[in-house]
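Okay, here's what each chain looks like letter by letter:
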Amino acid sequence: MNGWNFQELHETPSQTGGPYVHIGLLPKQAGIETFDYNFNNDLLKNNPEGQHIRLEGQVFDGLGLPLRDVLLEIWQADANGVYPSDADFQEKQEDENFQGWGRAGADFKTGIWHFNTIKPGAVPGRKGSTQAPHINLIIFARGINLGLNTRVYFEDEAEANAKDPILNGIEWVPRRQTLIAKRSEENGEIVYRFDIYIQGDKETVFFDI
Amino acid sequence: MSKIIWGAYAQRNTEDHPPAYTEGYKTSVLRSPKNALIAIGETISEVTSPRFSAEQFGPKDNDLILNSATDGLPIGERIIVHGYVRDQFGRPVKNALLEVWQANASGRYRHPNDQFIGSLDPNFGGCGRMMTDENGFYIFRTIKPGPYPWRNRINEWRPAHIHFSLLADGWAQRLISQFYFEGDPLIDSCPIIKTIPSEDQRRALIAIEDKSNFIEADSRCYRFDITLRGRRKTYFENELV
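Chains as they are written, first to last, in this note's numbering: chain A, 1 to 209; chain B, 1 to 241.
No lab work stands behind these hints: they were computed from the structure. Nothing here was measured: the structure is a model prediction, and the numbers come from that model. Do not take every clue at face value.
To be verified - Result set (DSS-like, lysine-lysine): computed pairs, CA atoms no more than 27 Å apart in a straight line:
no., chain 1, residue 1, chain 2, residue 2
1, A, Lys28, B, Lys60
2, A, Lys202, A, Lys182
3, A, Lys202, B, Lys26
4, A, Lys92, B, Lys94
5, A, Lys92, B, Lys233
6, B, Lys34, A, Lys202
7, A, Lys182, B, Lys60
8, B, Lys233, B, Lys3
9, A, Lys127, B, Lys233
10, A, Lys202, A, Lys163
11, A, Lys28, B, Lys144
12, A, Lys45, A, Lys28
13, B, Lys3, A, Lys92
14, B, Lys144, A, Lys127
15, B, Lys3, A, Lys45
16, B, Lys26, A, Lys109
17, A, Lys92, A, Lys28
Extracted from the complex, chain B is given alone in its bound form (with noise of 0.2 Å):
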């Protein structure tokens, strides 16, 4: 065989996903658009993305237990997430920039918007920031993050969950989600899971407890695994071109 001609992006399948529209979670009620999607065939627009390099960032950019602290540690439970991301082929997706924000342990968010009762940790921030390596690993250390209460109903609780962002290889891959804790009651009556239309997707952003990988008298560790749009070869007639 010759060198690999890489095609588009596999079709993005709606129903993994949710809908724009889903009246549950309320917001999205004037934030979604009313008429369909246009699909388009991609071009060399949507298979392209931004570099990024490891050298452009701080030593602690993956340690959200330090990045921030000023005059001691952060309170809260010390846990460790890696994880693999890769292709919806299996392929592992290198050099992918993987950024993450979240609440400290009482559920408050240091951000001018938030107004939870919740105290402020002076040791803590909240975001962080790494590059996945040749196999598709990523690593990163932070406080777990509690749950925190917002108005949707009026006593809507979110779950634990660690906001996350990915940038590949190609444009058309770029995710934003949210990753909850193996065993959080409140994951089964949150309306923005809701959204996700099937059971095995909703599971799919569930942590995974990595006993194995606890550290001792130091941290406990999850395991979270990240799939994106991958990318078909082209064996005959190249379209993009």
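One chain only, chain A, in its complex shape (with noise of 0.2 Å):
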């Protein structure tokens, strides 16, 4: 004892979200029809603002297979750079059609996943500063005690990604790039593709945020 009784709590400790992640958090991937509203991975449904994307890859383990049980959620700001959240603190009018968050689960075959989402406009940094467009990315599956974040940019925002601040804060500059999604069209859908290496020679930034 030090006379001091100020006791702080300690945050509640992480284990894997197990293989069957999916009966809790997406449990029409497991075939449970338990919920009449469920989370899944459009954040088109109620017709938000902005240039339609579908964001797509993979998550390969160290040795390049596809992790075919991992759950993905991601969070991003609206066209305009809000975020539908009432922690955000521009002063700035968000867009009630857009929730701005979505939930996947890789394909129990392929290991596929995707969203089908808008392309984010740039939001704030620190100190003034300004961010590229991005999208922040959670991975749960069995074998992860914690949970990894992850950001993902966009190949076609070069100007803007040289300047972001996160991005300049990774010190080996090579590794920038595995958080830069690729971008392709097929039948008039713009694709970014982001292919995430957990571990490796590819491996992919992830964040302590």
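Each chain sits in its own coordinate frame; assemble them with the hints.
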């Protein structure tokens, strides 16, 4: 005892989501029809403003094999760079048709996951800076003890990416490329491919946020 | 004092959590980064988080005893689980989305990849969800899950546990974990629990029998509180803007 009785609490420790994470977070993918309203990977359902995009990819382990049991969530700003959150401190009107959040499971056979969403606008950084458009992404799975946080940037925003304070904070310059999604067009649809390498030579940058 | 200006979330104490690479839990070996995580100064992206509203949810979403029942009640021990969600500074976490999932009384999951011989229960699904109230309180009702075997070492058994997920006020608070039940002898031998470095933190995942809240001739009760990261207040320069 030091006579100082202030006691801060410790954050509840993380544990893996396990192989059956879908039961609770994507019950339809596990074949469970318990809920009327289900969360999913479609952020376009209320027809928000902005350019429609498809974000897709796979998550690979240290042997280069896709994780077929991984669960991903994204969190992003609307087309004008406003987060639909009470904690957004910009005094700007948010798009009321955009929740900014979605959840996807990789396909049990191929390991491919995707989100239908909009390309986000730029958001403010610290101390008056501006961040390049990005999507915050977290992955949970069997074998992952604490959710891994990363960010998705866009290959066609090279100028903004070059000034982005978070990308520029990555001291190992070649690793910055692991956060840039590749653009293509498929049947008129704009697709950004973002593959995540958990471990090895091409390892994706993960953040302690 | 004028209006509160919130700063960043307090740094995550990595010693309070499992490291990524934990060889006793074998799947982590090829699913853990080799590089150290890169720490960043939080921005608006990390301190914001989506809103959910209770109206999106059905009346039985937090009642796992009834929410998948078809021709009768599920078999097993009837329990209520309740508690409070607060941040590390002791403030209640309001309107957080708490989602839970679990095996049935046999230790069998309703999932296409679970082939354990323990039987499925046609009246039990195993998922539920709820929002915390103004006091950070949550409550749900379920069947106590059974332990189940898994292939880590060949004769590995998980203690009875319920998985849970929280989405609260800031993306930085995003958390998935599992809680266990007081007195379960399997807790001491579980390699997944042992990934947590400290005894105190392992104990923080054990729900406590709450005897005075048992309901006579109906259900027993467990108490389990959850702590999330908290934000500091800003009294001088605000670097978030």
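So, going through the hints one by one against the coordinates:
no., hint, in the structure
1, A:Lys28 - B:Lys60, "holds (17 Å)"
2, A:Lys202 - A:Lys182, "holds (15 Å)"
3, A:Lys202 - B:Lys26, "holds (22 Å)"
4, A:Lys92 - B:Lys94, "holds (24 Å)"
5, A:Lys92 - B:Lys233, "holds (23 Å)"
6, B:Lys34 - A:Lys202, "holds (11 Å)"
7, A:Lys182 - B:Lys60, "violated (43 Å)"
8, B:Lys233 - B:Lys3, "holds (10 Å)"
9, A:Lys127 - B:Lys233, "holds (17 Å)"
10, A:Lys202 - A:Lys163, "holds (23 Å)"
11, A:Lys28 - B:Lys144, "holds (23 Å)"
12, A:Lys45 - A:Lys28, "holds (18 Å)"
13, B:Lys3 - A:Lys92, "holds (19 Å)"
14, B:Lys144 - A:Lys127, "violated (50 Å)"
15, B:Lys3 - A:Lys45, "violated (36 Å)"
16, B:Lys26 - A:Lys109, "holds (22 Å)"
17, A:Lys92 - A:Lys28, "violated (36 Å)"
Violated hints for the displayed structure, listed by number in ascending order: 7, 14, 15 and 17.
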